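Participant: Those sequence lines, one after another, are chains A and B. So the mapping is simple: the numbering used here equals the position in the first sequence, first residue as 1, plus 6. So the mapping is simple: the numbering used here equals the position in the second sequence, first residue as 1, plus 506.
Hints were generated in silico from the structure; no laboratory data involved. All figures in this text were calculated on a predicted structure; none of them were measured in a lab. Positions of the beta carbon are idealized from the N, C-alpha and C atoms, including for glycine. Do not rely on the hints blindly, as some may be mistaken.
Label-pair distances were calculated between CB atoms; the ranges are [said to hold, decoys possible]: (1) F20/A - D629/B: 45 to 53 Å; (2) G22/A - Q747/B: 56 to 64 Å; (3) D629/B - A15/A: 29 to 37 Å; (4) T42/A - Q747/B: 55 to 63 Å; (5) D592/B - E25/A: 48 to 56 Å; (6) A781/B - G56/A: 35 to 43 Å; (7) R523/B - A15/A: 28 to 36 Å; (8) D706/B - R43/A: 54 to 62 Å; (9) G56/A - M858/B: 31 to 39 Å.
Which bits of chain B does chain A cover? Going by a derived footprint, with three or more residues having C-beta under 8 Å, they are [unchecked claim]: (10) 590-603; (11) 782-791.
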Amino acid sequence: MATVKFTAALRRFFPGLQEMRTEGTTLREVLDEVETRYPRALSYLLDEQGSLRGHVNIFIDGTMITDRSGLSATFSGESEIYIIQALSGG
Amino acid sequence: MLSTLLLGTRKGLVAYRMVNNQWKVESLSFEGQPVSIAYADALTGQWWAALDHGHWGVKLHTSKDRGKNWEEVTAPAYPQGEEIKDGIKAATRYIWSISNGGRAFPSRLWVGTDPGGLFVSTDEGKNFDLVQPLWQHPSRKEFWMGGGRDQPGIHSIVVDPRNEEHVYVGISCAGVFETPDSGKTWNVRNKGLRADFLPDPYAEIGHDPHILVAAPSDPDTLWQQNHCGIFRSTDGGQHWQDISQEEGPARFGFALTVADDNADQAWVCPANSDATRTAIKGALCICRTDDGGKTWKDLRNGLPQENCFDIVYRHALASSGDAVAFGTTTGNFFFSPDRGENWQTINNYLSMIYSVQFTS
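Work the whole structure out from these sequences, hints included.
Facilitator: Shown next, in the form of structure tokens:
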């Protein structure tokens, strides 16, 4: 089971947000699990067309995903998936 | 005069209340977060806050207890597969206007967005649907364009209180569109407008009405502060007349409000043209007409007259009875108890102000 970690900035909207283990085998399944555990969280990460929001990044084992609409990046059961915000404003 | 002022600002929603003849802050909500529109529904008393999170997308919240508690609702979202232009997916980028549906439609809420979609809720804002007939208007993909924002946006929604199926929207850039049947069909209402930035300034579509307002005392009298001047219609938008001041500041700007009790009286907040977007000659002034735009009067008493960079965004000027209030891009907030003759400073230290509304 991969591990999902979140930027602390999301705790403002989801105070109970914590690192979680996921059974998802695709990134989309992982994000759907996040939504199940934290309702509405998906709308903070993806727009309504399913693309990663412009200022949200996902890193898998230290590498930023590049397919931001297809979310096709792969990972293993040992992977760490970081959901972070892009820095803006210096 | 209504006794509450609701402000949407770059750093939160601020509510002021008149107490002992002074404006006092009643509450601050969403501290640090951009509130593109703060809207109080006069029919339900419910408050709405449209948030423009830089990172996390557009959100919509509502409060039934004057901002003490807020609930997030599902923000308007474009259906799968919708496109702004061919190959560019449509997603809600900004909520730019909110309006109730009027007394005949108590569960209805209209929301205007960038990139150009109008949404309607028929269940008090729990769910929103894209108004397809306007979105599918044959002019949209070819002739609508960004104005101030990268994509087209609906910043004005005007519901006719005599027949609340009859609604106007203001779109930058496209112009004024009117529906007689709650959004099923749409007519273009841009005759008489001038768009100096187009190859054909009198093109049917492509105009930039920065704000569209109907006179409360005569809904057939429509006003708009346009990118290319101030325009007025006395026939429900069938024809527009340029009423800009020939020699004077009342020409370019964003905001406009019409008196509750006089369809000939309105205020605008002039600014230097789109090239600089600063206060004219470093001095802040409001202009008022009392005769439907034939003449304009500068109102400056109590406003800064030197070293001033403030301009006023399209939703940040409001009137109620004799009272007028406006907020500026540099966080200054002013109030007049006498239709603009004299101004008081309420606050010099707010953040950029996007919207100002009087409410009860």
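Participant: For every hint, state whether the structure bears it out.
Facilitator: Tested hints:
For F20/A and D629/B, the hinted distance range of 45 to 53 Å is not satisfied, since their beta carbons lie about 25 Å from each other. Take G22/A and Q747/B: their Cβ atoms lie about 58 Å apart, and the range 56 to 64 Å holds. Restraint check, D629/B to A15/A: a C-beta distance of roughly 32 Å satisfies the suggested window 29 to 37 Å. In this structure, T42/A and Q747/B meet the distance hint of 55 to 63 Å, their C-beta atoms being roughly 58 Å apart.
The hinted range of 48 to 56 Å is not satisfied by D592/B and E25/A, whose Cβ atoms lie roughly 42 Å apart. In this structure the hint that A781/B and G56/A lie 35 to 43 Å apart at CB holds, the actual value being about 40 Å. The hinted window of 28 to 36 Å between R523/B and A15/A holds, with their beta carbons roughly 32 Å apart. Separation of D706/B from R43/A is about 55 Å and conforms to the stated range, judged on CB atoms against 54 to 62 Å.
In this structure the hint that G56/A and M858/B lie 31 to 39 Å apart at CB holds, the actual value being about 32 Å. Evaluation of the coverage hint for the region 590-603 of chain B: fulfilled, as 4 residues show C-beta separations to chain A shorter than 8 Å, against a requirement of three. For a cut-off of 8 Å, the count of residues in the region 782-791 of chain B with a CB near a CB of chain A stands at 0, and the three-residue condition is violated.
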